[in-house]
Amino acid sequence: MIKDKKEGVLYSDYYDWNMGPYQSNMPVPLQLHIRSDGEIIHSVRYNRGYAYRGTEYLFEIFRWQQSIVLGSQIIPEAPLFSEWALCLAVERLFKIELSPKVECIRGILLELSRISYHLKTLSQFCFTMGIETVFHFMMRERELILNLFELMSGHRFGKAFFQFGGVLDDLSAGVIDRADKVCDRLLSRFKEYEGLSIENRTFTHRLEKMGLLTDALIHRYQITGPNAKAGGFSEDLRFIQPQGPYQLLASELCELKISGYYQSNPLTRFKYRIEEMRQSIRMIRVFLEELPQYSYLDQTIVSENLLPEGEQWVSVESPQGHMDVHLVSEGGKKFSRVFYHMPAVASLAAYPHLLKQSYVEDCNVIFYSLGVEMSEVDR
Amino acid sequence: MNPATYYWIDYFNLPSNSEWWVSFLLVVFIYLFLILPFGNFMGVIERKFISRLEARVGPEFSGWMGLGQAFADLVKLIQKVPRKESFSEMILFTLFFMILIGSVAALPLGTMLNLFDSELSGFIPLVSCLHLAFGSVMIGFSQKSISGLMGGLRIAVQTITGLVPALIAILTVGALSGGFSWNALISNQGFGPWSWNLVKNPFLFFSVFSFLISGLILQSGPIFQSPLAMGDLYGGITAKLYGRRLGYFRMTRFYLWFLWCVVTVALFLGGYQIPVYLKTHLMESHSYIILMFLEVGTVFVKTLFLMLLLKGFTRIQSNARINQTTTLVWKVLLPFSFVGFIGALLFKGGLA
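Residue numbers (the numbering used here), protein chains in the order written: chain A, 1 to 379; chain B, 1001 to 1352.
Calculated directly from the structure, the hints in this document are not laboratory data.
Among the hints, erroneous ones may be present.
[Stated by the list, open to error] Once the Cα atoms are required to be at most 27 Å apart in a straight line, the calculated DSS-like pairs of lysine-lysine come out as:
| id | chain 1 | residue 1 | chain 2 | residue 2 |
| --- | --- | --- | --- | --- |
| 1 | B | K1144 | A | K356 |
| 2 | B | K1048 | A | K191 |
| 3 | A | K257 | A | K191 |
| 4 | A | K334 | A | K120 |
| 5 | A | K209 | B | K1331 |
| 6 | B | K1048 | A | K120 |
| 7 | A | K191 | B | K1311 |
Produce the entire structure from the sequences given, and follow the hints as far as they go.
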């Protein structure tokens, strides 16, 4: 800061920018207050809440049987995860066990949904980095998965396919073969993505020296998911407390783990997400092998009128990390309280720290490397 | 009187004092009937090519095979008039564009269309790039925004860094050819690829690489477009450009990239040379119009392939940050251009 002696006015060397909340180059409604020293960012503050929809409050208004549709609004890009967490909580409230066939179907859909989510995140990231070819390739492969969802559920994102106590319907004819072919194609495409991105010197050189998510930040904000796992934190709920479909994988969990990541920067986060998609494909193959053994499909419990009294806290591994749902029931026709704890909030909280001392051009790159969806943050 | 004007006066039996009118009409003809249609055609081919590369459907909405798409885009942009346009902005967006178009007279498009040739013709692309850079910096500063200021400064930085390797590449070819006039640069090459500068002297591969990448940097082209970033948050001058101003800006940028590729063709890839016996025959039979279209066609085909090659290359590369661009120039392009310069001269000396 420089003080002018004559006029007594304070001058600053810094530029102050106010970006957003609705900016053409920020697809998410987020307000940023950036203070930069030329090209280098000095500090950042953010305001959020511009996409708040009050979804959690709606759970207390609608009947509990209708709330599965609200659950799919929590993660619009991968609605099956928020539906699954809600289903798990309600099923534990009713104290019911599901048949292995339902679990297999759920497992296949969840992992396909995870791949779809990662493809969308990575494609946005590549678009921001300027590799539009990879962006289009990823969107093309994502279409395969969405078409598969459409075949199964009649809806491109598979919304409301999970029901309390089961799934909406049995799998359509030919889905297993088609899913197998999609997996084969995806595996061959991942090499193509890596060839166009990770083997590109400009790409790697730009990413490996910025946006470092340190261990201290991961601990401070309780960051989970690929952002933390790329830094060596291997807490994956699918492995440490397998539940639902992942109990069927118990014998093969050790082989499915990913290792060899020690520093969470945008490049390793990118690599980790691709590796996690490969891991998901291996899981899908196990589910596809086991599915034909089972024939009994549970009936859903939506015919029940009243909820049992009680409280449940369920944690699941969403594509973004640990997603928790807290459900309270007083025994009526509606939930008394539903609260989702989203991992994207923690990643967003660390975002200003990652921007310090980085270039202005890298603001969006770092943002997309974290994979934050504002619709998850502002619910 | 320049040779091209003389040919046309002779061809149409015009009075000898009509030199200015003929030159003026030739410039208009080159721009309106050669470069603009080429730009339109190039736009469609390029977008189709890129769409096939990226596994998506390209433009096929306006006109036959989408050939009217670029024209439709331009009309759409020109219709959108800025709400408030100051006199200085009008100067920036129209006068700069008009002055740049003046370089059409000195483009090496053929014996019949080269209206201006001097010992400094080889440096025309550098002068034009400096002109565009100065205009773009002014556009950025006139926006009175932080992103505009940053964009302007980045353009200045990229221009200074990108200028040196391009200059050395031109000096290399000039030293090999014995001059910088189009006549000197092109006449020692032939129609066949074996007689092109690039093939005759393998060290010129270093120079052509430096020249093309420097061109992208000087013009803030793909990969190196951080000064022109569309979003405010990236910091760039085009964030506040829309409508007519954006139309002018895009036309100028396309023209300059076209100019750069035409000059690359002239320096390294044989220019407008057609088979000697054919040219001699056409000149003797006074078939100037056929000769003109053959020469222009040769240049345009080479330019088209060069532009498509570069477009494909840039679509699979990620954008470079401003500091990466400067590092690339000082650590890669400058050594490459020096190796090209020294190696090419030693190679020629060895052969001699």
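Now for the hints, and whether the structure bears them out:
1. K1144/B - K356/A: 25 Å, holds
2. K1048/B - K191/A: 25 Å, holds
3. K257/A - K191/A: 20 Å, holds
4. K334/A - K120/A: 34 Å, violated
5. K209/A - K1331/B: 19 Å, holds
6. K1048/B - K120/A: 25 Å, holds
7. K191/A - K1311/B: 23 Å, holds
Going through the hint list in order, the structure does not satisfy hint 4, though it satisfies all others.
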